[in-house]
Amino acid sequence: MELKEIITKKLNEHFPDAGFEFSEYVGEFNIKLDKKFIHPVCKLLKEDSELEFLLCEDITAVDWAKRKNRFTVVYHLFTLKHNFRLVLKCDVDESDCNIDTVSSVWKTSNWQERECYDMYGIKFNNHPDMRRIYMPEDFEYYPLRKEFPLMGIPGSLSLPKK
Amino acid sequence: MGLEAKLNGDGFFVTKLEAIINWARKNSVYPMPMGISCCAIEMMAAADPRYDIARFGSEVMRFTPRQCDLMIVAGTVTYKMSHVVRKIYDQMPDPKWVIAMGACTSTGGMYRSYSVVQGIDQFLPVDVYVAGCPPRPDNLLNALIHIQNKIGNTRAKDFQNAKRIDLNVIQNN
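The listed protein sequences derive, respectively, from chains P and U. Numbers in my numbering are just positions in the first sequence, counted from 1, shifted up by 54. Numbers in my numbering are just positions in the second sequence, counted from 1, shifted up by 998.
Just chain P, same shape as in the assembly:
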């Protein structure tokens, strides 16, 4: 059985009501799911001895600006055992702008989630250290949101006195 089928079967078995949408795009296997299930799904993908997605390559987000569910949080996972990449996608709405953390599954996602919070303002629930990572801590905006101007907001970042 192909790995995609194994993943599909396992996920449907363990989480029958997670609303999975499986698709494939440019050779990568995409799974869309309800954001409530992100933590248990990631835990299964990592800890299942047949899958072993040990590497969380990136966590980022997409800002769709005017769409109903404004953001999509994207997880890029990789399994060394099968040399296979997997993309997880969760929709997050602006009015309820949070998602569960997976930093207890992969330690590396601690900083990736902090970056995502810094740039898009998506809060990660139960994250051990939910602070900004790049921008100064007193910065009030989220730079990669669509409404943020390219050159920033004048006066929002301080310069030393001349």
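Read the hints as simulated data drawn from the structure, not as lab findings. From a predicted model like this one, the values you see are computed outputs, not experimental measurements. Not one of these hints is a red herring.
Derived EDC-like pairs (lysine to aspartate or glutamate); straight-line CA-CA distance at most 20 angstroms:
| id | chain 1 | residue 1 | chain 2 | residue 2 |
| --- | --- | --- | --- | --- |
| 1 | P | Lys216 | U | Asp1125 |
| 2 | P | Lys215 | U | Asp1125 |
| 3 | P | Lys215 | U | Asp1119 |
| 4 | U | Lys1078 | P | Glu169 |
| 5 | U | Lys1078 | P | Glu194 |
| 6 | U | Lys1078 | P | Glu191 |
| 7 | P | Lys215 | U | Asp1092 |
| 8 | P | Lys216 | U | Asp1156 |
| 9 | P | Lys216 | U | Asp1092 |
| 10 | U | Lys1085 | P | Glu191 |
| 11 | P | Lys216 | U | Asp1088 |
| 12 | U | Lys1078 | P | Asp172 |
| 13 | P | Lys216 | U | Asp1119 |
| 14 | U | Lys1078 | P | Asp192 |
| 15 | P | Lys215 | U | Asp1088 |
Label pairs and their in silico Cβ distance ranges:
| id | chain 1 | residue 1 | chain 2 | residue 2 | range |
| --- | --- | --- | --- | --- | --- |
| 16 | P | Glu59 | U | Lys1078 | 41 to 49 angstroms |
| 17 | P | Glu111 | U | Ile1019 | 58 to 66 angstroms |
| 18 | P | Ser103 | U | Ala1129 | 56 to 64 angstroms |
Listed below are several chain P residues computed to face chain U (Cβ distance under 10 angstroms; list not exhaustive):
| id | residue |
| --- | --- |
| 19 | Met189 |
| 20 | Pro190 |
| 21 | Met205 |
| 22 | Lys215 |
C-beta: ideal position from N, C-alpha, C; glycine also.
Position chain U against the provided structure of chain P, taking the given hints into account.
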């Protein structure tokens, strides 16, 4: 030979103190290598035997600001980094000079973006700008020669009313 040949029978000559101080100062410029990004590689190349910044008396790159009189800001300065750069500049003893090396440092360069300071002259008094992305080491040496000429032209009165550093800047930032 050299200086001795200029001496007359009595073994002394008359000059201005200003001139002799400037002569000493401009031939022993200690750079503070503020290497922030890729321009720092070219700055290191300027120090190697091929370009040899030692020919101009500037081979002593001091990694503490307390012993430097020239700051070479080599690289992209972000708003977050600008406070660090200024803090190091403030710790350098007077008199001091600044070279803005490369396009990013001088104008923001290709980083026309919210996070990058569009030219360090917004928070530092820059003496010489170096063009290039990154500039060739020869270009940096040229800037150093410009700095030397500038030092050679200083007068004692230039320093007499110099602004003292506001110590609060160091403590609070």
